[in-house]
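Spelled out from the first residue to the last, the chains are:
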Amino acid sequence: MRALVLLVNRMMWFVPTLLGLLVITFTISHIIPADPIAFIAGDNATAEQIAALKAKFGVDQPVHIQLWNYIIGVAQGDFGVSLYTQRPIVDDLSARLPATLELAFVAILLSAVIGIPLGVLAAVNRNSWIDHVLRVFTVSGLAIAAFWLAILFQLLFAMELGWTPLQGRVDGWGPDVITGFFLIDSAVAGDWDIFWDVVAHMVLPAVTLGFPAMATVMRFTRAGVLDAINSNYVDYQQAMGVPRRVVIWRFVLRNALIGTVTQLGLIFGNLIANAVVVEAVFDWPGLGLYAVNSILQSDYNAIMGFTLVMGTVFIVANLLVDITHGLIDPREAR
Amino acid sequence: MENVRFLLRKLAADRTAALGAFIIMALIVVAIAAPVLSTHPEDVSEFNPPERLQGPSLDHFFGTDRMGSDVYSRLLFGARITIAIAVIAIGVSVLIGVPVGLIAGYYRNWISDALMRVSDIFLAVPQIVLAIAIAQTLGPSIENVILALSATYWPFWARLVYAETRSALNETYVEASIALGASPWRVMLLHVLPNISSSLIVRTTIGMGGTILTAAALGFLGLGPPAPSPEWGRTIAESREFLPEAWWYATAPGLAIFLVVMGFNLLGDGLRDILDPRTRRSTDG
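Chains as they are written, first to last, in our numbering: chain A, 1 to 334; chain B, 1001 to 1285.
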């Protein structure tokens, strides 16, 4: 029941947020460009041609009607046609979304698997040399430009050492698409050659994306453990003879991670933002690379479609984080 | 004055915060004195193709770029662009966000609700995604990068000031001044604003780092000031086709971004420890 109330509560906020996002992209795409029709028509267009174009794109109508048509269009999955690929934008975006999501999931997984134990390690050895070394890691993770880190990795591991492929998602065509997640698709097909090829291609982009995320996870895990470690129950457990190791990894960590979970939304947001530039460097065929190509082609509609989809992914992620947080921390649901 | 002296003493005692302050000071000096400190100041606008893509040497500390220009000199002039973008964009964000937050926090009516809903929607999307959309629509230039960043970053300050104002209104001294008949603006500017200035300073310092990273990413994507601007993000993008041979070309500007952002982050963390004791327990050490 509590979970249901929480869910309904958060869903109520979901729709107005999406509508607000639509209004913002509408404003950017329809109102800011001084005269998009003149731009499309070119310098030599006659008055009749301009009028025809205006009617064709619906810009001869009042703004609120245009906004209405825009929202209805998007709601029906009509984002327009891309100038770059000449295909419906919604098809392009949905074909590329799995690539970005797969990369983001692997990066988040990496950041949690590495960041949480290191955060605990730093907290337990507070102010020792371990803590200081790890602090250098977190500080640099939050200060490094993701696209630059990507280039450095490419330079070192792909160009100099030749350990990993330089760019791309897979050699050749990749596995038959079932989910669009190549790791899953190749495993399902039992094609382990492709699977390991996909893994090799994924290492550098995933580590690049995961590094800043890992820094954040580590930072909040450390803070959470330090907060929880001074609680009465820790003293009690230790007095009862429970080994310190067990107390920390079983009891303290559970409480400490609540703080880290609340930061997942923030982490995911940064990750998505970095994905745009990291995909551009690694030629990773996801939404970010699509956006970068669209920028180069001045493809307004495609960029607005990208903004909408990225925004929606981010809003959904935050919704999930809120709900998870509400479920594991009963105080939050009140 | 007393407060400033206290702050400076505390900062000097905190080694990492002092390092951050030193880096930022160095950045400002470098930006102002770029024409003096650079070894080839003319290379910002002039090219020297015969000397292109040379490695680091005594004449060219960080080598030369694809046009034969001195990477070190261009880097120093790039610092000016970085500072200009970050300071103006953050300044505008603060100028919009703080009044919005104050008004939304002080009044409890539909305007206040509407203001916060709008900033929530902006915060619901990663900043760089909206910034890309705006910068792309307006076309690549410094002014448009600043505009795109200001338009996407102000809600951070609105949110912060809103929350702080709401909690300040519960304080006895604010209630007292309202009871004595102080006007809303008097309460907001003389009582609430000074009380929340600590959090504002901390958030603004850390915000500078994030803004510089986003601005560099926009430059890298070709949405920043157009060539031949020595903007750091653009320089890294230009260097890519000359890897792995011209490693210095890509390394130097990225290192500069890293140092500057780290400077702001370290100073911000230090300031938070000093100014905002409430959050200290969870982030100290």
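If you are wondering where the hints come from, they were derived from the structure by calculation, not from laboratory data. Take the hints with a grain of salt, since some may be wrong.
[Unchecked claim] To give a feel for the contact side, a few chain B residues facing chain A, derived at Cβ under 7 Å: (1) A1013; (2) A1133; (3) I1134; (4) T1137; (5) P1140; (6) A1216; (7) A1217; (8) I1257.
[Said to hold, decoys possible] Some residues of chain B that are not near chain A, with every Cβ distance over 12 Å (derived): (9) T1016; (10) G1055; (11) L1095; (12) P1099; (13) I1111; (14) Q1136; (15) A1176; (16) A1179; (17) L1255; (18) V1261.
Even glycine gets a Cβ: it sits at the ideal position worked out from N, Cα and C.
Check your understanding: Hints broken by the structure, by number, lowest first?
Key -> Violated hints (numbers, rising): 1, 5, 9, 14, 17, 18; every other hint is consistent with the structure.
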